[in-house]
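Top to bottom, those sequences are chains A and P.
Each residue of the first sequence is one higher than the one before, starting from 0 at the first, in numbering that gives the first Met the number 0.
Each residue of the second sequence is one higher than the one before, starting from 0 at the first, in numbering that gives the first Met the number 0.
Hints are computed from structural coordinates only; laboratory data are not their basis.
Think of the CB as a built atom: it goes at the ideal place given N, C-alpha and C, for glycine as much as any other residue.
There could be a bad hint or two in this list.
[To be verified] What the simulated footprint calls covered on chain A by chain P, stretch by stretch (three residues with Cβ under 8 Å from a Cβ of chain P suffice, anywhere in the stretch; the number is not a length):
(1) 120 to 128
(2) 189 to 203
(3) 250 to 257
(4) 272 to 282
[To be verified] Here are some chain P residues the structure puts well away from chain A; computed CB gaps all over 10 Å:
(5) W22
(6) S28
(7) R30
(8) L109
(9) A152
(10) N285
(11) R458
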Amino acid sequence: MAELSNQLMALTVLAYLAAMVCYAGEYAFGKRSHVGRAATRQLVGAGAPVPDDVPVVAAPAKPEKPGRGEWSGRIAVIFNVLALALHLATLTTRGIAADRMPWGNMYEYILSATFVGSAVWVGVLLRRPALRHLGLFASLALVVLLGAAGMVAYTPVGPLVPALHSYWFYVHVSTIIISSGVFLIGAVPAAMFLVKNGYDEGKRRFPYTLGKRVPTSAQALERLTFRLHAFAFPLFTFGALIAGPIWAEASWGRYWGWDPKEVWAFISWVVYAAYLHARATPSVKRTVATWIALLGFVTMLMNLFGVNLFFEGLHSYANAG
Amino acid sequence: MTILEERPETAEAPPPRRVNPLWALLRNSWRQLTSMRTALVLLFLLAVAAIPGSYFPQVSVNRERVSQYYTAHPQLAPWVDRFGGFDVFASAWFAAIYLLLFTSLVGCVLPRLREHARALRTVPPEAPKRLERLPQHAPARPGPQQPAETANALARTLRGRLFRTRVRELPGGGFSVSAEKGYLKETGNLLFHFALLSVLIGFGFGHWYGWHGNRILVAGEDQGFCNSITQYDDFALGPRVSAADLSKFCMRMTDFEATYQSTGQPKSFLADVEVKEGSGAYRKANFTVNDPLRLHHANVHLIGQGYALELRYTDRYGVSQNKVVPFLPTDAMQTSEGVAQFPDVNIDPKTNKRDDQLQVGFEGVFLPTGGDDGTAVSKFPAENNPVLYLSAYRGNLGLDVGKSGSVYALDRTQITNGELKKISGDRPQALKPGQSWTLDDGTKLEFVGTRKYATLSIRYDPTQSLLLVGAVLGLVGLMLSLFGHRRRIWFRVSPANDQEAGGSVIEAGGLPRTDYPGFADEFAALTGPATDDGHAEEGTP
Ligand code: HEM
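Same shape as in the complex, but just chain P:
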């Protein structure tokens, strides 16, 4: 099957005049770039170029995996990085491909748009002289009515079927009816390709003007926060966003409910919060997985949850300090790990000097449901039998060196170089909520209780809804383009040879302008009744 009529060529035949070689080169390259073949090749390149993005860990997806890759492949990793392998979709070569593709697209669709606009305004052309040469042809048949009436009746039928129709009078008393239909196919195709462009542009703008940050929000009024980058555990601002541009809101979590299946599979989560936007007052709101809290210029998504432990340390001088520390879940049953570090304790009230050797840190595992077997693995994610296993360390926590250590583990180098010493026994101390533990130097740690925390992803993407509109329009265009068919039909109605008896002779021809398997039937249906004798072509060619 061939397409019966090619797409309008992008460039018209060059006028016969002297051509500047540079100009010729440019024009040829442009023509090359905007050809369908090039588009095809570029589409392929795009697909191939995306593959490394799924093979190598991506910074934008999971930064930790990238570091793991560095550890696992110390030789290879820098090379992968040099070629943008850890951030494929922001790399120069990926951008090069899609920018070329979209240039090609623009170069391809703009002329088509012009052409199509013209086609929409032009009336269907006069019937070709020899209708029998067309792919569909209904040979001349007599009709009972006069040519003018017949032609008008035909035109009415065609218009009824949404053909654009034009009746012309022919010399010699005949009429021709030209009809065309299926402009929506090209309209849809253009709509689709323009929608693609808009999606790309929207994607780019969203990236430039959007931002996002993640943080853990522990339940309790004292744990609330106000939107600013210092409040985030990690964040990313678009290139056109500064810290001052973040929308103003404050939020605190009053309650977090989690329910579980008896197997420990989570059933539902619900975060109850109070939020205040701009200078307004706090209002209540709640949100859950799949149902974010939508604020002005920011959406708050619930992406995880866990337990934070409230611990109180009372030092040698009887001074107490409270800390609420989130522990990170390590398995589906919420076995959680974390640390509590107290750098500013054991300060002698007389000298008011901090002793680096007397800082205290605790490291351990929290089990919401501890078992009787003594293993440090939780049996259930809800708090049926909460127990905390802790080890205590004293010495220099290594927090002041200016490096950003993890807040979920003690500094290993301090332990190996002996600056930080374990002061509890080999077996960690087990603590239930409310219990306390007296250390070797008489200081005391109390496990006050637990609170739930929610892991939040807070995002703003200004073009998101625009993109949705673009994508939906694109889909509509795609369907019109795939399922539409452009075709032309002509009737020639001449006066009957026998002028006495009156009547007319009708001949018809049809031209599918795109690959359209059903055209023969449509043509038969249209020409059949019109010729009044009940059958058009016998069978089909």
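Next up, chain A with everything else stripped away, as it sits in the complex:
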């Protein structure tokens, strides 16, 4: 079973890679965006991770025959969904092999968080097909993270150490995994917003040139960014700053002890809080706020890779390999 899981993992990465190539194909051959700033349709409040209000590409006057780019994009979506299914299979077989939830070490943690990110992404995609062009960046992020998980963090299947025998394990880890996954996928529209916005403002240097083929309006990307973050932030607060300390109290005797992992969770939390503040402050530009959100994501990555690999702490799942 463990072996099967490893093979499925390799297939998963390949499928994401294939999706990424096809998304890239759509970028290369696709038409230029029809809409600069689509009229923004605004719907429902920020309650759900999957937004409905992302403006759709203004429908072309006549339905056109799908071109090469279009086909490439459609195939990309198929690969993407396939990859998601393989991803789920990887996690399931891993869980069966270990006879527990697959959240026991860094490898499994990354596998799960990226799965959540990918699932949210596919959810967004199904509701708003017009956002397909974001797929290139979403699948890029997934391939990189999964690749890193496989290369630096791979851990053979094993049982949980007693320190992890607690139902807080499920509460704490699952909420953090979900919020990290959503933060991860939130970083994609954040980056695209900066690109698109830069392009709209007339910047023609490299990453901004990518904005040329982005059909969604900058404003809509920004809104999506906020919605994803607004969903993930309370969840992260709960997972890292409430459930984590409750468990730490039961397990280590103190609810907060500035262990490196705790320090970085605190940093991420403060940075994301700063993002929400910046976004709520009219005098702070939305681009600045979005940069803060991206910085928040960098701190999450730091906590995942940097802290696990370079610092020694109490989190027993943090050992890689």
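Knowing the structure of chain A, use the given hints to seat chain P with the ligand on it.
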């Protein structure tokens, strides 16, 4: 997207009178400090300031790592220390940042609280004259009923949807309906920020009035202890706690069970103890990892375990001494290291004088499961084939010099300066439980057996539950604040132009007071049925 209505400004426009420059400066600084921008900058500083706390080893986390850092970077370490780098979260500059931030917070939320309390008491204001100027607008439409009935029906619907609603009669027989909703957003936001304050204060109190200590508790009635700081291997009392304040309890461990996977991975631990609190009697209790023993004003956490060895030394005069010495595990298979020191042996009964040259110490490795290969590495953490490898030393153990040496190793300086000599051969002596070993001078060491020990962390934190309440309230406030939307809706119901036919004319306008993408739909839903012709605005702007 802009927020349609700014937060109420903290300070009102200053009254036009002579201003004392000092006062002006103070007031300006205060205004600066309590602005959102400053809060933003301070939040960032806080995040940046925390980074060294993860980079440098922290005294509060692991004191030993700090000493290692001193050894590894003798030049740099004193400088790091000077800037509080080994205790970042208790350093003055870290405190400066969060105190500023919290002052800013207080200065920011108090006026907002006042403002919000006022807003909660005021009725929704009268409709603006020109509803068509509002972000949402439903143009005038005819309604079949009389203005009063229509207005009341509208008000009922709005109240049903939890809008705070006010109907006013207008000159000329019309009515206006003003409605507002979403006060919970600001309530939640304030709740969140006050919860933050309470968490900080609770954190501080917990630090002042809490204490904790660590100790190793070996199984056996003779090894029990009563709570007092002398009983701890290391301890820390909050600044407002004195040794006499520690809660009174005594505890002894009757049994410790550890089970393992076949790979040697631990599966479960369970400590069986007897505790007595205050002047009560001993009662049985047990606890495990993740499930501490909760006493009054102290919690006992199981944070580690290992083997203690019971050794008996019989000296030249036939006097025996028993010692139970915990050995420290060095790997996951419980290969354990430690020492047994006998300073008060070989005392001549005639002179009753202790001879410094005749003290005895043993140093060695214990393997719960020794292999056949003769290496000093345990194969399994449980006792399948326990074996102890010992070296014996005689001479001055160096215990009386007044310095606090390790209880897990012999004093190296005594060995290098020749005061303490190894009297066993190059290869350590292997001993199984029950076996004894006769040394060169005829004295004897017996390996009586092993006992389990538990490493305990004993803590008291008076504000812990309070903090939890604060954090949960904060989360609730945060969600209300993030997902709530403040908005106003107005209807103006005028008598129909054609007085004969009766009926009314209804016009509506809406104002989202915070960034609220779903408002257009809500407005459409509210104004649609109300106008009775099934559709409000075509599409959305
Ligand atoms: C410890 C420091 C602070 C933290 C961690 C923090 C955190 C947060 C968070 C997470 C939010 C998001 C809720 C939302 O968007 O509605 C928020 C909102 C807000 N905070 Fe803070 N805050 C802090 C200090 C301050 C200070 C010092 C001020 C005043 C200058 C302030 C004023 C506000 C305001 C006005 C909002 C509402 C924004 C909105 O309308 O959405 N906060 N805060």
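Hints, verified against the model:
no.: 1; hint: 120 to 128; verdict: violated (count 0)
no.: 2; hint: 189 to 203; verdict: violated (count 0)
no.: 3; hint: 250 to 257; verdict: holds (count 8)
no.: 4; hint: 272 to 282; verdict: holds (count 9)
no.: 5; hint: W22; verdict: 26 Å, holds
no.: 6; hint: S28; verdict: 19 Å, holds
no.: 7; hint: R30; verdict: 14 Å, holds
no.: 8; hint: L109; verdict: 18 Å, holds
no.: 9; hint: A152; verdict: 26 Å, holds
no.: 10; hint: N285; verdict: 14 Å, holds
no.: 11; hint: R458; verdict: 5 Å, violated
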